[in-house]
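So the protein lines, in turn, are chains G and X. The first sequence begins at 1 in this note's numbering and counts up one residue at a time. The second sequence begins at 1001 in this note's numbering and counts up one residue at a time.
Because the hints were derived from the structure by calculation, they are not lab data. C-beta: ideal position from N, C-alpha, C; glycine also. Keep in mind that a hint or two might mislead.
[As the list claims (entries may be wrong)] Here are some of the chain X residues that sit facing chain G, going by a computed Cβ distance under 10 Å:
no., residue
1, Y1007
2, K1165
3, N1166
4, M1190
5, D1206
6, H1207
7, T1208
8, T1214
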Amino acid sequence: MNPIVIILLVVLGIVVILGLWYITTMNALRQLEVKVEEADSGIDVALTKRFDALSKLVGATKGYAKHEAELFEKVTKWRKGLPDNLSMEQKQEFQGRLNEVQSGINVAVEAYPDLKADKVFLNLQNSINEVEEHLQAARRLYNSNVSTINQRIVSFPTSIVAGMIAVAKKDFFEADTEKRADVDVSF
Amino acid sequence: MDPLLAYQTKKQQAEKYILIGGPLAVAAVALFLLVGLNNSVFQWISGLLFVGALGFIIVGSVRFNKMVADFKHNFLKDKIGEWIEDGVYKPDQGLGQNTVYGCEFLQSADRYHAEDFISGSLDGVPFQMCDIKLEERRVEHTKNGTRTYYVPFFTGQFYVVDFNKNFNGALQVLETEKPRSKRPFKKIKMESVQFNKTYKTYTTDDHTAFYLITPQMMERMMTVEKNHPGNIGFAFIDNKMYLAIDNNRSLLEVQMFRKLDEARIAGFKADFDLIHDVIHELKLNQNIFKEIA
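The following block holds chain G by itself, in its conformation from the complex (with noise of 0.2 Å):
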């Protein structure tokens, strides 16, 4: 065979498994990125739950924690649930206040023992806790599935094809540890 047939051959050999693997790992990165997506959606309901959670209890804490009242109002501007723009950092924040007023309400009622015995309080604990154990998941689940993308992206080939389709490295959901040390108060 002519020589150079057998060249242009390898070459198109050579081309068409370049074009495979960047067909299969822009498939890859897509679909990480849809699953990163999804637990972000997670994180969003779960919020939600919990600021519904929690404005029952404000509810039902109002004579005893004025205060925490007022706070949660500050927060109610995302009352009908978060915007979808929002990013991780607002999330946090977010979730920052509403643990800032669940803490609040847990020292307030320290001084109403009667209360903390009431059933309808500790029925809205338990389902805040039950909540904050969801939240918690998703935002496990939020951050595996971004360390996995970003594993990706910054490894050389994978990093090339990310760079030609514009999936950049998302943003961890940090979790506020001090905050939420004053919200894991037990009844």
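Please arrange chain X on chain G, whose structure you already have, making use of the hints.
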């Protein structure tokens, strides 16, 4: 007379038959091989000796089995009632196949054997357990025909623990097994590299996995694995936790020529350490697994 001592005496009596029958059988075979091959008189003598030996062994075994059954149905039953709240012990029964296969990671067996059923509560957490032996049928084709035999692929304990934590998907945390389910299980990785080395995690819903397997839960599951030899598998399906441990042993077994004393009884009690550890390590006894009132 102390009941335990009475059982030990009965056991020793049964063992005496074996102690006589065993050497007698060996002597009969030796006599036949040494002088009986060429001598018809010695053939008869060794034959009679062997039949006598067999008689001793059969009587000894029957007596031993009778003693074990009596010991389990009476003595151990009472003990388990003392050790476990609402403890029920049924030596001849086990969990049903549907319950065991409900974990959705154990291979369906050609021959299923379950015994030593126990139910009760530990620290207010209801559980059921039993010994199970799962065997696979093998067929071997030889020159002389076909030979069918069974090979055990799981010998150990199976536990079912109730809890009321609500979750949507199904989750399996397995050392060596794989899901055997119609559900769309997929393998995922948790955050802990060590946990991922110890266990493989399969779930139908990523969120459920992260919800149930918290970082603390991962640590505790690794502690359970470290403290209990054998292949461990957990399944969380329909508000139940299934635990299977393939450790090639049966619990509450009375062995021949092993003294049945207080130390042995303490050993039986220690066999419940696993489920006790699981309930404590995984904090099944705390509010996290209790229904919200």
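Once the shortest beta carbon distance from X/T1208 to chain G is found, is it less than 10 Å? The hint holds - X/T1208 has a Cβ within 10 Å of chain G, the shortest such distance being about 8 Å.
Measuring from the C-beta of X/H1207 to each C-beta in chain G, is the shortest one below 10 Å? holds, 6 Å
Status of the hint placing X/T1214 at chain G (closest C-beta pair under 10 Å): Holds, because the Cβ-Cβ distance from X/T1214 to chain G comes to roughly 7 Å (cut-off 10 Å).
Evaluation of the interface hint that places X/M1190 against chain G, nearest CB under 10 Å: holds, 8 Å
Checking hints one by one. Is X/K1165 an interface residue toward chain G, by the C-beta closer than 10 Å rule? Status holds, d = 9 Å.
Interface hint compliance - X/Y1007 to chain G, C-beta minimum distance less than 10 Å: violated, 48 Å
Interface hint status, X/N1166 versus chain G (Cβ within 10 Å): Since the shortest Cβ distance to chain G is 8 Å, the answer is holds.
Can X/D1206 be said to touch chain G, with a Cβ gap under 10 Å? holds, 5 Å
Figure legend: structure checked against the earlier numbered hints; the only hint not met is number 1.
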